[in-house]
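Undergrad: Protein chains in written order, with my numbering: chain A, 1 to 253; chain B, 1001 to 1276.
Hints should not be assumed to be uniformly reliable.
[Stated by the list, open to error] Here are some chain A residues pointing at chain B (derived, C-beta under 8 Å): (1) Asp8; (2) Val11; (3) Arg22; (4) Met95; (5) Asp215; (6) Arg219; (7) Pro221.
By construction, these hints were calculated from the structure, which means they are not laboratory data.
Even for Gly, the Cβ is constructed at its ideal location relative to N, Cα and C.
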Amino acid sequence: MNRHFLGDTAVLLGRSLRHITRSPDTIITTAIMPIAFMLLFVYVFGGAIETGSDSYVNYLLPGILLITIASGISYTAYRLFLDMQGGIFERFQSMPIARSAVLWAHVLTSLVANLTSLVVVVGVALLMGFRTGAGVLGWLAVVGILVLFTLALTWIAVIPGLTAKSVDGASAFSYPLIFLPFISSAFVPTESMPGPVRAFAEHQPVTSIVNAIRDLFTRQPVGTDIWTALAWCAGILVVAYMFANISYRRRIS
Amino acid sequence: MTLRQPSMLAVMSIPPTTDQVEQPAIHVQGLEKSFKHLKVLRGVDLEVARGSIFALLGSNGAGKTTVVKILSTLLKADTGAARVNGFDVATQAADVRESISLTGQFAAVDEILSGRENLVLVARLRHLKDPGAIADDLLRRFSLTEAGTRRVATYSGGMRRRLDIAMSLIGNPPVIFLDEPTTGLDPEARIEVWQAVKELAEGGTTVLLTTQYLDEAEQLADRIAILHEGRIIVNGTLNELKQLLPAPEVEYVEKQPTLEDVFLTLVGARTDKEQR
């Protein structure tokens, strides 16, 4: 069956992308919350936050990008859940197609949709005065990290998409993910936090990813942060992929 | 709808091997399936001849859908054997999927896509050449050409079901499963679906349909099996089934029109016979 994997994935990807182009509001709503956070933090709280950075929007953007992805992936769970609810999922499963193509199409759709939302958010950040000295390689590295982070989180989203009992359940899982950047170096330096909170903040994935992206944007040497960030992303990706496939196999047999 | 017209789809069907022609299209023996502690199927045996319409009749919860899901490789049986188009559903699932089409209980259509896009999608997933022409052909046969470019979300229940069945015909699979194809449809739409099913069988396709409507089984099926509490309790032609009861005494009763006759006359739908 695998000889059809690429073709079937492409056909199903085309289908999901059409869903998105017919309701582009999913891209907009994904971008609205992070943009609102960005406006709020830069123009309301930003003046009182001491980051040691010359411009707060430069400091803030990496964390905002992660929040964008965390809110965007809930649509994957939502769309997958709707496919399961309607008969279309069973139709696909009873057809001679590569079975994993059904999941990969949703995952790649999430990648395209999230990258589009990220472009919108970066555009708004530029209007708000975000500037970077990063060259082509720096940007490529940033995009690479964001792609890996999106894939990791999307595979997490596949699990509730396959197992949830209701639409609300399918998308509620993303709230803690959206919240995670608040307890990290995304908004304020971790040095300002009390002991236990600081310990948590410095050892959770968001901080290393935010630091790596921030260093790439400001052309600082990235140090060990980028390796910690990549290790987190790859680790989450592998574990989520495994559990998603276990849920999938349970669902189709 | 003129399903008997020779169509380009016929060229793309899977020719059964001589070996398969000898065998029944569907052969089921000793099928058992439990969900947790609930025994849904307690040993189902049935056989469906090629090109026939077989109705699996039963009330809600009798296990009809479970049988269909096992035969279409969506579920695995606990014990028992089932062959579809000569292929074992457990060990040759991929070959079974090449041979079948499933129209589930709820119209398996993509609401956001147009009718035509739904058909093209399935034709692509069945790896057929010229999906656009296949889609246009089916739209015509199922009187959906005008609605073809509209989103399915705007379709009526009957149109959705027709599209659903049209999607199942793509690639001319030799065996088609219809799980409660007319549940929730109005009388006119039901007759349209019946017509489509009859024409399918005349074209040589084997149809296994489940239903809880007795008249549907009576109208369509060559053979009828009644599934009750996980077992087939009778299996035969309509006449054979009727003979199970004592011969009727002759009584003279004024022929009253049924409510369905009245409804169809008033709304001006052509009945089944007049269409022929």
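Undergrad: What hint numbers does the structure not satisfy?
TA: Hints 5, 6, 7 not satisfied by this model.
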